[in-house]
Structures are given as structure tokens and as C-alpha cells.
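Participant: Here are the chains, one letter per residue:
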Amino acid sequence: MPDTPQAIDPRWAWERYRPTDAAPWDIKRVGHLYRRAAFGASWQELEAALRDGPERTIDNLLRGRADRDADELWTLLSRGTSQANNGEQLPALWLYRMLQSPHPLREKMTLFWHNHFATSNAKVRNAGYMIGQYELSRRHALGSFRTLLQEMSHDPAMMVWLDTTQSRRGQPNENYARELMELFSLGINNIRRPAERNYTEQDIREAARAFTGWSLQNGQAVFRENEHDDGEKNVLGQRGRWQSRDIVRICLEQEATSFFIVRKLFRFLVSETVPATAELLTPLARQFRESDYDFAALVERVLRSNLFFSAQVHRTRIKAPVDFALGIVRGLEGHLEDANPQHRLGTTALASALDGLGQKLFYPPSVAGWDGGRAWLNGQTFLLRQNLALALTSTTDDRFGRRTDPAARVRRHHRGTDAAQVDFFVRLFLQNDVPASARTRITDYMKNAASRSYPAFWTSEDAADHRTRALAHMVLCLPEFQLD
Amino acid sequence: MFTRRDFLKRSSLVALGSSMPAFLGRTAAWAQNSERPGARDTILVVVQLTGGNDGLNTVIPFTDDNYARLRPTLRQPREQIHRITDAIGLHPAMNGLKQVLDDNSLCVVQGVGYPNPSQSHFRSMDIWQAASTSRELNEGWVGKALRHVPAASSFHLANQNEAAPLALTGSPVRVPSITSLQDFQLRLEASGSADRRAQQGIIESAANPTSNQSSSLLDFVQRTAVNTYASSRRLQEIGRTYEPRVPYPASGLANHLRLAAQLIDGGLGARLFYVSIDGFDTHAGQAGTHTNLLREVSDAISAFYRDLAARGHRDRILIMTFSEFGRRARENGSRGTDHGSAAPMFLVGGRVRTGLVGAHPSLTELEDGNLRHHTDFRQVYAAILDRWLGVPSRQVLGQAFEPADVFRQA
Numbered sequence: 001m002p003d004t005p006q007a008i009d010p011r012w013a014w015e016r017y018r019p020t021d022a023a024p025w026d027i028k029r030v031g032h033l034y035r036r037a038a039f040g041a042s043w044q045e046l047e048a049a050l051r052d053g054p055e056r057t058i059d060n061l062l063r064g065r066a067d068r069d070a071d072e073l074w075t076l077l078s079r080g081t082s083q084a085n086n087g088e089q090l091p092a093l094w095l096y097r098m099l100q101s102p103h104p105l106r107e108k109m110t111l112f113w114h115n116h117f118a119t120s121n122a123k124v125r126n127a128g129y130m131i132g133q134y135e136l137s138r139r140h141a142l143g144s145f146r147t148l149l150q151e152m153s154h155d156p157a158m159m160v161w162l163d164t165t166q167s168r169r170g171q172p173n174e175n176y177a178r179e180l181m182e183l184f185s186l187g188i189n190n191i192r193r194p195a196e197r198n199y200t201e202q203d204i205r206e207a208a209r210a211f212t213g214w215s216l217q218n219g220q221a222v223f224r225e226n227e228h229d230d231g232e233k234n235v236l237g238q239r240g241r242w243q244s245r246d247i248v249r250i251c252l253e254q255e256a257t258s259f260f261i262v263r264k265l266f267r268f269l270v271s272e273t274v275p276a277t278a279e280l281l282t283p284l285a286r287q288f289r290e291s292d293y294d295f296a297a298l299v300e301r302v303l304r305s306n307l308f309f310s311a312q313v314h315r316t317r318i319k320a321p322v323d324f325a326l327g328i329v330r331g332l333e334g335h336l337e338d339a340n341p342q343h344r345l346g347t348t349a350l351a352s353a354l355d356g357l358g359q360k361l362f363y364p365p366s367v368a369g370w371d372g373g374r375a376w377l378n379g380q381t382f383l384l385r386q387n388l389a390l391a392l393t394s395t396t397d398d399r400f401g402r403r404t405d406p407a408a409r410v411r412r413h414h415r416g417t418d419a420a421q422v423d424f425f426v427r428l429f430l431q432n433d434v435p436a437s438a439r440t441r442i443t444d445y446m447k448n449a450a451s452r453s454y455p456a457f458w459t460s461e462d463a464a465d466h467r468t469r470a471l472a473h474m475v476l477c478l479p480e481f482q483l484d
Numbered sequence: 485m486f487t488r489r490d491f492l493k494r495s496s497l498v499a500l501g502s503s504m505p506a507f508l509g510r511t512a513a514w515a516q517n518s519e520r521p522g523a524r525d526t527i528l529v530v531v532q533l534t535g536g537n538d539g540l541n542t543v544i545p546f547t548d549d550n551y552a553r554l555r556p557t558l559r560q561p562r563e564q565i566h567r568i569t570d571a572i573g574l575h576p577a578m579n580g581l582k583q584v585l586d587d588n589s590l591c592v593v594q595g596v597g598y599p600n601p602s603q604s605h606f607r608s609m610d611i612w613q614a615a616s617t618s619r620e621l622n623e624g625w626v627g628k629a630l631r632h633v634p635a636a637s638s639f640h641l642a643n644q645n646e647a648a649p650l651a652l653t654g655s656p657v658r659v660p661s662i663t664s665l666q667d668f669q670l671r672l673e674a675s676g677s678a679d680r681r682a683q684q685g686i687i688e689s690a691a692n693p694t695s696n697q698s699s700s701l702l703d704f705v706q707r708t709a710v711n712t713y714a715s716s717r718r719l720q721e722i723g724r725t726y727e728p729r730v731p732y733p734a735s736g737l738a739n740h741l742r743l744a745a746q747l748i749d750g751g752l753g754a755r756l757f758y759v760s761i762d763g764f765d766t767h768a769g770q771a772g773t774h775t776n777l778l779r780e781v782s783d784a785i786s787a788f789y790r791d792l793a794a795r796g797h798r799d800r801i802l803i804m805t806f807s808e809f810g811r812r813a814r815e816n817g818s819r820g821t822d823h824g825s826a827a828p829m830f831l832v833g834g835r836v837r838t839g840l841v842g843a844h845p846s847l848t849e850l851e852d853g854n855l856r857h858h859t860d861f862r863q864v865y866a867a868i869l870d871r872w873l874g875v876p877s878r879q880v881l882g883q884a885f886e887p888a889d890v891f892r893q894a
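Those protein sequences? They're chains E and Z, same order as listed. Residue numbering for the first sequence follows the numbering used here, starting at 1 and increasing by one per position. Residue numbering for the second sequence follows the numbering used here, starting at 485 and increasing by one per position.
One or more of the hints may lead you astray.
Which stretches of chain E does chain Z cover? Using the computed rule of at least three CB atoms under 8 Å from a CB of chain Z, they are [as the list claims (entries may be wrong)]:
1. 91-102
2. 174-182
3. 223-235
4. 353-362
5. 437-450
What follows is a set of in silico ranges between Cβ atoms, one per label pair, in the way DEER data are often shown [claimed, not checked]:
6. Z:Q666 to E:G80: 50 to 60 Å
7. Z:D587 to E:G237: 51 to 61 Å
8. E:W458 to Z:Q666: 25 to 35 Å
Facing chain Z, according to a computed beta carbon distance under 8 Å, are these residues of chain E, among others [as the list claims (entries may be wrong)]:
9. T81
10. S82
11. G170
12. A368
13. A375
14. L377
15. T396
16. D398
17. R399
18. R469
19. A470
20. C477
21. Q482
22. L483
Since the hints were derived computationally from the structure, they do not count as laboratory data. Remember, predicted model here, so these are calculated numbers, not experimental data. Note that the Cβ used here is the ideal one computed from N, Cα and C, for glycine as well.
Produce the complete structure using the sequences and hints provided.
Facilitator: See below:
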């Protein structure tokens, strides 16, 4: 796929995608949609989406399904983690919900906001607060950014993370005011006019005074009038006796905020390599402002767009560790709810593997979140990815056992012959985005492996299963699988 | 035994030479007789203190009354401060570095910063890592330096959850990040050695770049893969065990520095290392956190220095610490400090000028409440590039900076 910068017509880009002969609704586009708007697809989901067409498939992803049992289970599990203040359980807890969720897009966009309002339990040290912040982001993940930004200022985890609880009249702490402007709303440099800065150091110092007076009592944000600096502040050219909500309002009145959020969403949903030029972002930023920051409408516009389904953005992101790992698990139909406990997949081992890959949920490396993109891959994380793929496909790793056994999946989907198995995994995991040479080598491996000698104590089924598992692992080790 | 297979493998490595880390393409045969700086196979270890280290409570002007005034709760007790001079000393937790000072191997450059300092963590960190204040920063100073020392190899010793730093980009070959040697290998599940070779062959050959679009993401993944598979094979050959000459403390930074010592000892020609330690953004309740961090830094660097010195590398090593900024002179109301600007840097090694370089910034002539810098950090970089690595600093820094006087005359 080409990723050389070419002029993209912004009008065409955000118009609704309709399948054509040149851009048919095919397996590649289905895979793409499920990678970006969910955490990858199972075989059944790929097939169903192909039949349903884009409109209905996207409707389903946007709406999700109601699942009261899953919600109740979540309440139970998260309460336990909160009460025990078991921060180390948090990543596994969320991974569980990501896999189980009848509305994966909501979890995906919650992850977007977790990376945006990146808060780490390494400092907060309160699992209940972290879950509270997650719930806040999740509630508005496909809702109003205005509400989310307002509520985030008084979210207990955020207040501890950026020291709002420490900020008093006469002694303002600048931490939150700075990151609100730099990372949560405006951004440092103006996207439309790159030579301009969006705010000054003075704006931060003034805004910090407006956030004084808030503290936590029994896990709730409370406002103490006598600790609040109620004097006049001059922020971004507006003068008044501003309180915290006024500062957030003023930030939202700046055009820069719409561009900043839209650019981040573009990188998350569309492409890390296609330049997010001001021209390309303008229609989205305008819609975002004019809808009073309706984030759901923004996400929908992007997911249904021409550009989203174009070859230019196909596989132009590096998979985040969560996408890498869950993509394999979903493809191999790892089950959380299986009558046989031997087949029930937990998420603790996945969570600890993701730590090594650089993405420990609820513990982002800094308030700027994960860098993402090429930064995900270095020598170490690359090898750990390949080794995680092995752990999931080999059945000899105690952590995963036979819970995601590729051999069992090919039997379920009746893929007997070598050629059918190669087709199956290449289509399932890569939607056929594989160079012919690699495909030939893998097919040859299957052919030659059949004539290879195996340990005398193996049955012929052992040998066949081993080949299938090795096949699945090799497909997952292809460089194309690292691309989202 | 040397088989035809080995031969073919090596030939394919040669063909890919340009994307290979230097240590794969050479043995430990470096020029030792030249007098040129850098020719002595000097080593540089960059230690990044992430979050903005409070310089004023690291290198302390303990006789200045303004210190006590600006730091009513955070000031350190005078009698516990490790004296460098009669007026300036190290934080009480830094006895490790005090030992290094007593061994004439610690240089403290005071008042380091840059004009119009940014108080954004991310912008300021980029500026330090790129050694530039341009708006777009895409290449790092270590990466650019590596273009001029083609035979040197370089490692990023990464924490979990830590991406490769901007400082290392721009290098002719990708600098490998390593968390532990044990995890730095491709695992396979094979029925026998023939099966293992077959699988490995397929996986590794798929990594060979397939397009000539060197900017594409796929190409990036392939280069990372080729480079990693080759590095991994070589690193598995160096000793799994390493016996340090002195005990290292149990800390993340110490583990990384011990791994650096192991790689130095492994004869890979490893000369540039990058490590970081996070947590210096102490806006509230700073005292305990900062004490622990400074102790970790000081003890780890001291152990590493003494280990390498005991192996005869005392005059080959240079450890440099930096942080993206210092902190506000006056503590805030939360017993912490907000973002500031100028701060000290440490240089450790047998060839550094011992003691203080430059005056402590004034505590009364502040700029927006922050200490003013008198030494540009690129002057320190220039000294390291020109006089330590033997790399023309102008080409890395884009302009000439007067090198700071941080090395002893030869």
C-alpha cells in the first residue's frame, strides 16, 4: 500500500463510503474496520460483516448490544478490585471487559480517552479512583467531549494525578492547568497557523488559580470556598473571576481545541503516516465545534468515510500491544465463558505480557500517554510480540494452555488440507495481505513437514496439530501482522 | 564446525550490512594507538532523569540564606549535605556520588539550560534530546553522533513501558532497545532441529524488506525485524552470567547499568548507552520521593563507575545525567515544586574535571521565578562530542557551541 503523501481532497475524504468496483466491500475492508473500531474479528464476524455490508456492520459497531449479565459481572469484579485496592488487577480487569464486551467500539474509544487523559495508578495508588475515571471516560466515550472535559477536572484520580487536591488560594499548583491546555484541549502549537502558540505561561499561572479550592472527601470532589482564589484572572484574553468550569469553557471556545482532538482521533482511527494536514482536518473540526463537541457523531463520520476505507490508509498504523494481543485471541476464539474451566481464558497472563510489550493499562508512562506508532516497536518489544504469539498458539505455555489452540479452530472450521489451513490463517489474521513469496514458503513448510520425521512417541494427530500451531505462529510473525 | 549453512547466513548478513547494528559487522578490533579524541574507544552513558529534576535540592547552595527562604519545608539540613565546596554540596541521599567525587571522578556543571526555556515536559525533553529548539524535531543528538562513529554500537536499555527515545533517532542503523538479555530471543516450538531451522528460516526471511519504499511502515517493521533477529543471535553468544566487581543496588536503574557493564564486557564494541529513570515531576509531597530518586541515581551510578573502574575502564567511561528542566526556585504550597528551568548536570568518569564547573545560579535574580542558566546544555554536548567521542560537534548541533570546560587536560 502506498503511503507517500499525495493530496487528498478533504471533501471526498469525509463523504460517505459506498462500495464500488474500485473499492469493493471485501475482506480487507472488513478486517480494517474491525481492527480500528474493535479489537479484531473472529472468523464468524468477518463472514457476517461481508454479508451484511458496510452500513449495517458499522451500525452494529456503533450501537453495540445490550448485555446485562456482562454489566453485572463487571460491577461485581470492579467492586472487588476497588475494595481490595488491588491496582495490579486493573489491567487484567479491563482486558477482560474488552474481550467480553458486546460493544467493543465503546471500549476502544475509552482506551482512546485513557491515552488522552493519561492517568497512572503508579501515582494515584487507588484502584477505586482509577476505575471511577475509566467509568467516566467510558460513559462519555461516545458522547459529549464538553461534558467529559468538564467532569475530568473533578475526577478523583485526575485530581490526585495532577495535584489539584494540593492547590490552594495563594499557593496554586500549576500541574493540572498546564496539562489541561497542553495535552487535554488546546495543544502547544496551533495546527492551522503553525507559527502561533495557543497559550502562554501566564495563561497557565492564571488558570491554575481558578482550580484552587478543590479537594477530596470520602472519594468525592468537594469545593471549599475559603481555599479558592476568587480574584480576577486573565486567561486566553478573557478577564473575570473565573472558576474551574469557566477555564474549561474558555478552552472549549478556542478553535484550536477542535483541531487538536480531531487530529488525535485521526491518528487513532485513520492513519499514523498520512499527514493530518489542517485542510484535511478542517471539515471534521468544524463539525466537532458546530455539534458542540459531539464525539459520537465525529467517530461515526470517520468510520463511514471514503478515506477510512481507502487504500491510502490501509495498514498505516502500528498495532498497539492491546490490538496485537486481542487480535490474536479474538481470531483464535479464546473464550472467557466456557463451561470447561480448562478452556476458559483468563486475562491475567495477557495483562502481564502486555506490560512487557509496553502497554500496561491504567499505568501509562506519563501524562502524555503512550507515544504509539513506531515507538511501540523496538528490538525487545518486537521479540516479545513474537514470543507472545507463540505462547498463544503453541499450547505448551501453561498460561494459555489449549485455550487458544489453532488446531482446535481448524477442526471447528473444517480446514483439513494443508492448503486450506494456510488459506484459513492468512485470511483470518491478515485478510490475505501477504506477499506471494512468504505464502509459498509457508505452504512449502506444510508440505515438507508432512514428510518430516517426528518423535516416535507422537501420534500422527500430534504431528498434524503441531504443524497447524507452527503455521499459525509463522503467520502471526509476518511483518504485515504488526500493521493495524 | 563451519557449515555451508553458516556461510550462507553470514553472506546474507553482509548483503544487509547497512541496516545492521555495528557490533554485528565487526570484532573488537578498534584503533588504540591514535591520539585522536574518541580513538581510545571512549564510552558514553546518558542517564535521563525524566520529569524535571529539582536541581536546587540536588546541588545545594547551603550557605545562601535565600535557599532556606525559598524552601521553607523542603530545605535539607546543612550538616547532612555532602560538601563539594564550603558553600555548595550534594543532597544528603547522594553519598554514592560523594564517593565518586572523592575519587576525583565527578564533575558538576551548574546552571545549565537554554534560552526561552519551555516548561512543557514533552517539548523541553524533545529540545534536550534533539539538541535543538527548532519547531519540528525529528532527530536526536546521539543518533546524529552515531553517523560519525560508524564502528561504535549503541544500546537503549529500556524500562518496560518505555519507547525508544528521540535522542537515538537519526542513527544510520536502528539502536536496539533491550530490557533483559534473557528475553532478547525468538522462541519457537519445534519437533526437532530441522523443524526449528525451517520455522526460523521462514520467519527471518519474511523480514527481508520487500519494497524499495524506505519510508513505509512495512519497511520499518521489516528493518526492525532483520536487525533484531541478527542482534538477538549475537547477544545470546555473550556470557549469560556477569560477575560485577562491586555489588549493585537492587533498583531498575542499577539493573540497566549492570546490563551496560555486561555489554561493555562482552566485547561487542558497545560505546553508547541510553537509560532513563522516571518520577522527577514532584509537584507535591516532594521530599521523600526526591530523596529516594536521588539515592537510586547516585548509588547506581556509583556502583557502575566502581565496577568498570575495577575492570580497568575508569578512563574510558563517561556518564552524563540530565533532566528536561529544573524546578521553580520557590516551593509551592503542596510541599512540592512546579516546573522551572536551569539545573545542574553530572558528569562521571576518570577524565572529567573534578568539582564544580560554573557558578550556582543566583537565587535572587530569577526569571519568572526560575533560576537563570549561564551554560547552554549544548556547550556540554559540544565538549562530549568534540573532546570525548571525537565527533565534530558543529555537525551534530547545527552550529558552533563553545565546549564547556568539563574534561581534565590530557
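Participant: Hint by hint, say whether it matches the structure.
Facilitator: Hints versus structure:
no.	hint	in the structure
1	91-102	violated (count 0)
2	174-182	holds (count 4)
3	223-235	violated (count 0)
4	353-362	holds (count 5)
5	437-450	holds (count 7)
6	Z:Q666 to E:G80: 50 to 60 Å	violated (34 Å)
7	Z:D587 to E:G237: 51 to 61 Å	holds (56 Å)
8	E:W458 to Z:Q666: 25 to 35 Å	holds (29 Å)
9	T81	violated (20 Å)
10	S82	violated (23 Å)
11	G170	holds (7 Å)
12	A368	holds (5 Å)
13	A375	holds (3 Å)
14	L377	holds (5 Å)
15	T396	holds (6 Å)
16	D398	violated (13 Å)
17	R399	violated (13 Å)
18	R469	holds (7 Å)
19	A470	holds (6 Å)
20	C477	holds (5 Å)
21	Q482	holds (5 Å)
22	L483	holds (6 Å)
Comparing the model with each earlier hint shows violations of hints 1, 3, 6, 9, 10, 16, 17; every other hint is respected.
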